[in-house]
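Engineer: Add chain B to chain A, keeping to what the hints say.
Next come the chains, spelled out residue by residue.
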Amino acid sequence: EPEVTQTPSHQVTQMGQEVILRCVPISNHLYFYWYRQILGQKVEFLVSFYNNEISEKSEIFDDQFSVERPDGSNFTLKIRSTKLEDSAMYFCASTSYRAGNSPLHFGNGTRLTVT
Amino acid sequence: LAKTTQPISMDSYEGQEVNITCSHNNIATNDYITWYQQFPSQGPRFIIQGYKTKVTNEVASLFIPADRKSSTLSLPRVSLSDTAVYYCLVGDDNTNAGKSTFGDGTTLTVKP
Numbered sequence: 001e002p003e004v005t006q007t008p009s010h011q012v013t014q015m016g017q018e019v020i021l022r023c024v025p026i027s028n029h030l031y032f033y034w035y036r037q038i039l040g041q042k043v044e045f046l047v048s049f050y051n052n053e054i055s056e057k058s059e060i061f062d063d064q065f066s067v068e069r070p071d072g073s074n075f076t077l078k079i080r081s082t083k084l085e086d087s088a089m090y091f092c093a094s095t096s097y098r099a100g101n102s103p104l105h106f107g108n109g110t111r112l113t114v115t
Numbered sequence: 001l002a003k004t005t006q007p008i009s010m011d012s013y014e015g016q017e018v019n020i021t022c023s024h025n026n027i028a029t030n031d032y033i034t035w036y037q038q039f040p041s042q043g044p045r046f047i048i049q050g051y052k053t054k055v056t057n058e059v060a061s062l063f064i065p066a067d068r069k070s071s072t073l074s075l076p077r078v079s080l081s082d083t084a085v086y087y088c089l090v091g092d093d094n095t096n097a098g099k100s101t102f103g104d105g106t107t108l109t110v111k112p
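Residue numbers (our numbering), protein chains in the order written: chain A, 1 to 115; chain B, 1 to 112.
Since the hints were made in silico from the structure, they are not lab data.
Hints should not be assumed to be uniformly reliable.
[Said to hold, decoys possible] Quick list of in silico lysine-lysine cross-link-like pairs, DSS-like style, CA-CA up to 27 Å:
#1 A:LYS42 - B:LYS69
#2 A:LYS42 - B:LYS111
#3 B:LYS3 - A:LYS57
#4 A:LYS42 - A:LYS78
#5 B:LYS54 - B:LYS69
#6 A:LYS42 - B:LYS3
Pulled out of the complex, with its shape left as it was, chain A reads as follows (with noise of 0.2 Å):
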């Protein structure tokens, strides 16, 4: 069964450092996403991208965020000066349509630690 990868499985930085993290989505799907996860809380929305663009973002997604597609089969995102709060496990996902009622397919994630 075709799988969201996410490289590296572990990022270590340090604060103010930018860090690009990785994800090969599924081959068909158009609609790709980023989540955060902090340890032992909920996963959050951080942004969707559709046809080169973004979306929509959430609050999180602040100017520190950016997120790009830069060939067929990466879909990255980028923090550009990371602070302690970012440390977290981050999921990518993508679908093969828009709508709510598409399952979400996600990679196992990058953990991100800032120290």
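Structural biologist: This is chain B only, laid out in the frame that chain A set:
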């Protein structure tokens, strides 16, 4: 988006059937009900989705009463590996799937 309410935690034993109920009193006409499972340090995984009555797949059943204000995920004969957090989400075909709101979920603990 309709708000959902689930029990925070449930315990069960291997081999038992587990039923997790989700309340969604404000569900709209076009809303679907979707359940996800999440293991520690993994992304949520789609389990099952339904609109009304009963849906069954190879891992679970979903029961939705006529008023659709609640739904019950049924896991037959659970094993230790079913220990996970289970999320109930509600969304319609006009909602961006990605903005689905994950609540607190139900932590299911299966004991030997």
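Engineer: So which of the earlier hints does this model not fit?
Structural biologist: Structure breaks no hint.
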